[in-house]
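Participant: Residue numbers (my numbering), protein chains in the order written: chain A, 1 to 556; chain B, 1 to 93.
Keep in mind that the hints were calculated from the coordinates and are not lab data.
None of these values were measured; they are calculated from a predicted model.
Misleading hints may appear alongside valid ones.
Just a few of them, taken from the derived set where beta-carbon distance is under 10 angstroms, the chain B residues facing chain A [unchecked claim]:
no. : residue
1   : Pro2
2   : Ile3
3   : Asp7
4   : Ser12
5   : Val36
6   : Thr67
7   : Pro71
8   : Ile88
9   : Ala92
If we take Cβ atoms under 7 angstroms as the criterion, some of the chain B residues that face chain A in the derived model are [stated by the list, open to error]:
no. : residue
10  : Val4
11  : Leu5
12  : Leu6
13  : Pro8
14  : Glu11
15  : Glu48
16  : His64
17  : Lys65
18  : Thr69
We put the CB at the ideal spot given by N, CA and C, even for glycine.
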Amino acid sequence: MASASEPAARSAERATPPRLPALVLPTVDGDAIALDGSPPGGAPGTASDLPARLIVVYKHDCATCDLVLPALERLTRPLHARRLLTLGVSQSPSEATLDFVARHGLCFPQALDEQLELSFAMQIAVVPTLLLVASDGAVVERSEALDRAELTHLLHAAAGLSGVDAREIDRVLDTLRLPESRPGCASRTLDSEVERERFVRLGRARLGARRWEIGDDQDVHDVLFERGLTDGLPVVPPTEERVLRMLEGTSRDPGEVVAIVPPNLTPATVEKVAINAVMAGCKPEYLPVVLAAVEAACSDEFNMHGVLATTYFAAPLVIVNGPIRGRLGLNSGINVFGQGFRANATIGRALNLVVRNVGGGRPGEVDRATLGQPGKLTYCIAENQEASPWPPLHVERGFAPDDSTVTLFAGEAPRGIVDQTSRSARGVVKSLALAMQSVGHVRFHGMGELVLVLSPEHVDTIARDGWSKDDVRRAICEMSSRPLSELLPDADCREGMPARLAGSADPATVRLPKFRSPEMIHIVVAGGPAGKFSAVVGGWVAGPMGSVMVTRKVGG
Amino acid sequence: MPIVLLDPTDESAPLGRPGAPRLARLEGTIALLDIVKPRGDVFLDRLEARLRERAPHLSVKRFHKPTFTKPAPADLRAEIADQSTAVIEALAD
Numbered sequence: 001m002a003s004a005s006e007p008a009a010r011s012a013e014r015a016t017p018p019r020l021p022a023l024v025l026p027t028v029d030g031d032a033i034a035l036d037g038s039p040p041g042g043a044p045g046t047a048s049d050l051p052a053r054l055i056v057v058y059k060h061d062c063a064t065c066d067l068v069l070p071a072l073e074r075l076t077r078p079l080h081a082r083r084l085l086t087l088g089v090s091q092s093p094s095e096a097t098l099d100f101v102a103r104h105g106l107c108f109p110q111a112l113d114e115q116l117e118l119s120f121a122m123q124i125a126v127v128p129t130l131l132l133v134a135s136d137g138a139v140v141e142r143s144e145a146l147d148r149a150e151l152t153h154l155l156h157a158a159a160g161l162s163g164v165d166a167r168e169i170d171r172v173l174d175t176l177r178l179p180e181s182r183p184g185c186a187s188r189t190l191d192s193e194v195e196r197e198r199f200v201r202l203g204r205a206r207l208g209a210r211r212w213e214i215g216d217d218q219d220v221h222d223v224l225f226e227r228g229l230t231d232g233l234p235v236v237p238p239t240e241e242r243v244l245r246m247l248e249g250t251s252r253d254p255g256e257v258v259a260i261v262p263p264n265l266t267p268a269t270v271e272k273v274a275i276n277a278v279m280a281g282c283k284p285e286y287l288p289v290v291l292a293a294v295e296a297a298c299s300d301e302f303n304m305h306g307v308l309a310t311t312y313f314a315a316p317l318v319i320v321n322g323p324i325r326g327r328l329g330l331n332s333g334i335n336v337f338g339q340g341f342r343a344n345a346t347i348g349r350a351l352n353l354v355v356r357n358v359g360g361g362r363p364g365e366v367d368r369a370t371l372g373q374p375g376k377l378t379y380c381i382a383e384n385q386e387a388s389p390w391p392p393l394h395v396e397r398g399f400a401p402d403d404s405t406v407t408l409f410a411g412e413a414p415r416g417i418v419d420q421t422s423r424s425a426r427g428v429v430k431s432l433a434l435a436m437q438s439v440g441h442v443r444f445h446g447m448g449e450l451v452l453v454l455s456p457e458h459v460d461t462i463a464r465d466g467w468s469k470d471d472v473r474r475a476i477c478e479m480s481s482r483p484l485s486e487l488l489p490d491a492d493c494r495e496g497m498p499a500r501l502a503g504s505a506d507p508a509t510v511r512l513p514k515f516r517s518p519e520m521i522h523i524v525v526a527g528g529p530a531g532k533f534s535a536v537v538g539g540w541v542a543g544p545m546g547s548v549m550v551t552r553k554v555g556g
Numbered sequence: 001m002p003i004v005l006l007d008p009t010d011e012s013a014p015l016g017r018p019g020a021p022r023l024a025r026l027e028g029t030i031a032l033l034d035i036v037k038p039r040g041d042v043f044l045d046r047l048e049a050r051l052r053e054r055a056p057h058l059s060v061k062r063f064h065k066p067t068f069t070k071p072a073p074a075d076l077r078a079e080i081a082d083q084s085t086a087v088i089e090a091l092a093d
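Please model the complete structure; the sequences and the hints are all you need to start from.
Facilitator: Here is the structure:
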């Protein structure tokens, strides 16, 4: 064996699988050849019977291959008598290979690797690549492109395996006058079309969903609209390749059931969620967030069926916390409830497409919303944790600061609250409390969960006076309570609280809180750095009878 | 070349369940189901009064869902089916 030299060390360092795969490849003359060198049609030989092999992988249109293959024809002749088989393996089509072989007058066997089975197995990145394979199938030397020193080293090793004097090789090399080095060409395995086709071919077995073929005479977007699979906006057509790439965003099995989705109460697998995530325009790295959102939305406590079916405005609001916000580019700042950010727009949309397409929830069918709201298309924000001096939502709800979570809330559209003048915490909070009395109806008191979204400017004013989130909640409850006498129905407006709540007392002396308890007020900091506006997202039917806010950790 | 897409739906064909046969006349026990929306009870009180007045041969039984926000639980549906010949539901707002 040759001593370790620079070229050998370089060769050994490259990532090379140690053994040749037991493949049978077609030859240019219509036959077949076993890569292990066993005779055609015979039983597989034992290691001691099989020849050593020098395999050269090439393409017909590679200039360096034009130099190396004819050189090998001459260099390896002395080795053939001593049981070394030289084998050309072409990545090119049969006709082009035949032409190459004829042009160079090659006599040693030529196999075809058009499907690139050997090339992928041996991680061929450059052509020509030479592989010296011992009789037991171990790849003992490897050389890429043309480097005279490396080639010499490899041929000396081949001579060693064949019991031939290396000086015979050197004599032939001297006559060839090969250049010191030449770069090779990119292997076909690196061709993007080839990579894509192989990616789909190998991954197809993982997909269980029914396939639809859309013919050339049809517009794929029109077909998706006509089949009722969109939310009114165009969707990204869910091809096998896109869905397989989306599935790379999770380590979960495509067949794993994520949730039972209302109203059809059918199982949504990871694959079905991935298909809808593709349609929504998600990137693969968003998929774990979408999966967590689907799980949370379909939980008993969140009650997605009710949220979908109601005549009220409720839509599933997704609030994201934790490090994943930055990794995915989720927006928590300027225009947080608006357009322009792919992660926000597509994660919220994917959840709603799952409910529509897997769950069967569609407006006019089970969805009976009187007015609905724009959030039913997509409603996803990240909390602006960096602009807040307080514990973020997920920490308040029992998660670690470094956990990434999604919190689902059945909410109305955000309604604006203005206070551009108050300079104290008490002042800003009073404005919030006054505005929040209009949730539902100014006369409704004892209400359930809602989300108060505080902008950074309002947070600055409140925090400057040393107030905590709990201080804000308690003050809102105190400031928004009203005497029952102000909340009673009258001859004109029949809405209001029932007088019987006063019992035997004077209704003017009975104060009712707007919210059942301070804990009903969930505070989230979000929005851009300028603007003294906050927002309240009113809730729906609260508690176990309706929908409860649900938080889930984002997995992998 | 045709484009192959994956089906994003649950791939279920809708169940074609035939409705129960129409009753030729009201007899036996009539269930009145309140989904617990405001004043559904008032509506059903009036209906019950009319039924007792106009069809005294009928029995009337009142039922209610635990919440209007979720489908009726299976055991409630079974109870109604078991104990009555027809059901009238006070639905929605």
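Participant: Using 10 angstroms as the Cβ threshold, decide whether threonine 67 (chain B) counts as touching chain A.
Facilitator: 4 angstroms, holds
Participant: Checking hints one by one. Is histidine 64 (chain B) an interface residue toward chain A, by the C-beta closer than 7 angstroms rule?
Facilitator: 12 angstroms, violated
Participant: With 10 angstroms as the cut and Cβ atoms as the points, is proline 71 (chain B) at the interface with chain A?
Facilitator: At 7 angstroms from the nearest chain A Cβ, proline 71 (chain B) passes the 10 angstroms test, so the hint holds.
Participant: Going by Cβ atoms only, is serine 12 (chain B) closer than 10 angstroms to chain A?
Facilitator: Holds. Min distance 6 angstroms.
Participant: Could you check if proline 2 (chain B) really has its C-beta closer than 10 angstroms to a C-beta on chain A?
Facilitator: 4 angstroms, holds
Participant: For the restraint on glutamate 48 (chain B), tell me whether the closest CB of chain A is nearer than 7 angstroms.
Facilitator: 23 angstroms, violated
Participant: Hint validation: lysine 65 (chain B) versus chain A, beta carbon distance must be below 7 angstroms. Holds or violated?
Facilitator: Hint violated; lysine 65 (chain B) Cβ to chain A Cβ min 10 angstroms, cut 7 angstroms.
Participant: With chain A as the partner, please determine if threonine 69 (chain B) meets the hint condition of a C-beta pair closer than 7 angstroms.
Facilitator: Holds: closest Cβ of chain A sits about 3 angstroms from threonine 69 (chain B), inside 7 angstroms.
Participant: Min Cβ distance, leucine 6 (chain B) to chain A: is it shorter than 7 angstroms?
Facilitator: Given a least distance of 4 angstroms, the restraint on leucine 6 (chain B) holds.
Participant: Tell me if isoleucine 3 (chain B) is really an interface residue toward chain A, meaning its C-beta lies closer than 10 angstroms to one of theirs.
Facilitator: 5 angstroms, holds
Participant: With 10 angstroms as the cut and Cβ atoms as the points, is aspartate 7 (chain B) at the interface with chain A?
Facilitator: Hint holds; aspartate 7 (chain B) Cβ to chain A Cβ min 4 angstroms, cut 10 angstroms.
Participant: Does the CB of leucine 5 (chain B) sit less than 7 angstroms away from some CB of chain A?
Facilitator: 5 angstroms, holds
Checked against the numbered hints above, the structure violates hints 8, 15, 16, 17; every other hint is satisfied.
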